[in-house]
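We have chain A; now place chain B onto it with these hints.
These are the residues of each chain, in order.
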Amino acid sequence: MTLDVDNQKIIRQRARRRRWERIGIYAVLIAGAVTMLAPFLWMISASLKSPGEVFSYQKPWWYDWVPTSFVWENYVKAWRVVPFARFYLNSVLVVFLTTVGQVATSALSAYAFARLRFPGRDKIFFAYLATMMIPGAVTMIPVFILLRTLGWIDSYKAVVLPAIFSAYGTFMLRQFFLTLPKDLEDAAKIDGCGYFGIFWKILLPLSKPALATLTTFTFMGSWMNFMWPLIVLNSHEKFTLPVGLAYFQSLHHTDWTLLMAGSLMMILPILVLFIFNQRYFVEGIKLTGIKG
Amino acid sequence: MLAKRFQLKDSMKEALAGYGFLLPNFAGFLVFTSLPVVASFVLSFVTWDLFSPPRFAGIENFRTLFSDPLFLKYCWNTVVLMGAIPFAIAGSLILALALNQTLKGVVFFRTVYFLPTICSGVAIYVLWRLIYMPDFGVLNTLIAKLGLLLHLPLTGPSWLHDEAWAKPALMIMGIWQSVGGYNMILYLAALQGVPRDLYEAAEIDGASRWQQFWAVTWPQISPTTFFIATMSIIGGFQAGFDPAFIMTGGGPNGATTTLIYYIYNNAFVWNQMGYAAAISWILFIIIFLITIGKWKLFAKVVHY
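Residue numbers (this note's numbering), protein chains in the order written: chain A, 1 to 292; chain B, 1 to 304.
Hints are supplied without guarantee of correctness; some may be wrong.
Calculated lysine-lysine pairs in the DSS-like style (CA-CA distance at most 25 angstroms, straight line) [to be verified]:
{"no.": "1", "chain 1": "B", "residue 1": "LYS300", "chain 2": "A", "residue 2": "LYS286"}
{"no.": "2", "chain 1": "A", "residue 1": "LYS77", "chain 2": "A", "residue 2": "LYS238"}
{"no.": "3", "chain 1": "B", "residue 1": "LYS104", "chain 2": "A", "residue 2": "LYS286"}
Don't read these hints as lab results, they were simulated from the structure.
Since the model is a prediction, treat every value here as computed from it, not as a measurement.
One chain only, chain B, in its complex shape:
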């Protein structure tokens, strides 16, 4: 009887301590995450410019959205920019394969490859704006000099100032930025986890390096590839604000405006809070569906 009362008291004490430890983070979680999610949902059914009182609009925001040519264009931009993902993943894998050898200087190379990821941000975008300058930029100068060397009339495009070249320019920079970063480290860890005896067995069977890669390495690291690919897609839908804001302002002619940039413009430039919230919910739904799809696909795609 006495023991039972003591136990109850102990578990009460533990529960109180638990709530106490949780409280600071949970309060912030409520105020800055969970309640805003609810508020954003409500907001997406409202028109509000922050100054006049909000007005309930039903599904008007969503109806406008699907006939808004800009929204559709920016969705397309976002998807096109994600075309860089396969190249970035392939590049990460190639670098990881090269680094996964017992060679001298591997640590040096890994550090160098990681630099763009570490330094990414506004400073890098400013730098690439300088590199991409059409007339006097170092990239176009190098292209022209290469042309002289090969006796070919090579001239670089206007990159960020050209509607057709602005997206490829951002994609090239994005690949440069990410190829030696997180994904390469994940691949490196995965490669180190492949059992050595599988390669030995393949070698005895007379498999070439190329065959060994497709028969042993590729299936063994498929969970990592799957993880990287899905995370890149989820990230890709939310990407593109910082570089476009610094380098192109979303132009030329909206060629580099992505979904997140459109949300920013609607909310914080044009004060259309409800419309911006509606777009953010479309983004949320896309990401939700991909996440569900990812769980369902995982079992099917990944070979162990």
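Extracted from the complex, chain A is given alone in its bound form:
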């Protein structure tokens, strides 16, 4: 009898402790979410204000976060005043070519490394792995000099070509190919299917998740890439979005409302991609973690 009472006491204590724990955890989670979202909310609110309102503050603090009148025109203006549409098109072109190119060459070479036997394979693969730790700063200068010698500076080629060949993409897809069972390929070989047929009809369809992950990451990296386009592009009409945005903000008399509208339009495609492909982001990150 006394034992029962004791037990009940312990159970009640535990339940109470768990409730407080839960409240504490929610407090942490909500504090984190507010911190993460506040700058974005400021960005949205600034993009809808009139230029004079961005830096004027009223008495109750929450008034600052809501524009007095929503100036939707900012978005139209940002599109027109700066050659923003042009930057957007440039970015779309560069990102598309980079992503398609990188996924294609990576998949081809990953198949060679994962499935085919040829002299020197393991040595070449080791060389690929070794270069993954070389900082980009080391190769950046000679590649620039090479492109300059070829007269390719200030062209889309100069942005896209060096980004197409990725040791990392090759490595990631090779690791994935190695996890796939070989039976199907052997069966196809007996049926007289060639190497390209096996690659195209069997391996690639089985590798959709890995390909989607690599595509997502390449797209994101390429869309954000700032330093390299900044180095090789000179004329405004060839700027990608990040370089164009940086150029726009460096001008005198920057209109912050337009700048924020432009920034939001730059973020939007990534946001859409993320919301629909969240799974691939998470998987991709876990893959990089396993590597080390």
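Coordinates of chain B only, in the frame set by chain A:
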């Protein structure tokens, strides 16, 4: 005999196919990675402004480097900025622990935390420049209003315009940007891999949550912590160009110029190709040594 000849032919065919599949990527690998590494090494012993012919300089670039006060200052800047790493890692772990519960809304919170990582880049740096504006920026306005509320004379610093505050400003932004990103996801995966019966055993022994964390969780996730820490350090040495270029131009008075920014300036602003290549090799050596150290340390530090 016939079978053997057929086998040879098959393996030949396979090897040819292998080279064929490899070729597109390997050609690019040669032209844009491996040959440039060699070229960069050669370049670091040369002085070249791209316009007059290159001149062999021996180890002059490296000798200048170690007496170049700017180089030493920017090395220091790079290291100081990495002071944000422990805070970022701790933050990632705290968020991951909070998310690793069977609570409602966990997916929503994870998505929100990941936003800054997804959106990072020029747009975010432009936004934070606006936030950090000294007189009319929203951050300093909030600080001043908090001061009014508490009856304290609080005024925010000039952030990016102040030599002493520019680095902390970039660090705070960097933590905001990365805390809910890759590292948090890695921690979350690691936490989900900790066997449940270890916690049950600890609970039977009467261990509190706090004790359970240090006795079970922390040792169990130590490989992940080690991976995150080393990757953050390796990344940290190469970081700092994009935010500094957008937000401070490397200033005030060089306070936010990092190694990579100095390489950029030397190579692409001042046309000192050889000197820039020499700095990039110093960076390479640092990263190489850390990588070797990482392999050696791994066995010692990580408890399983």
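Taking the hints in turn, this is what the structure says about them:
no. : hint                : result
1   : B/LYS300 x A/LYS286 : holds (24 angstroms)
2   : A/LYS77 x A/LYS238  : holds (20 angstroms)
3   : B/LYS104 x A/LYS286 : holds (23 angstroms)
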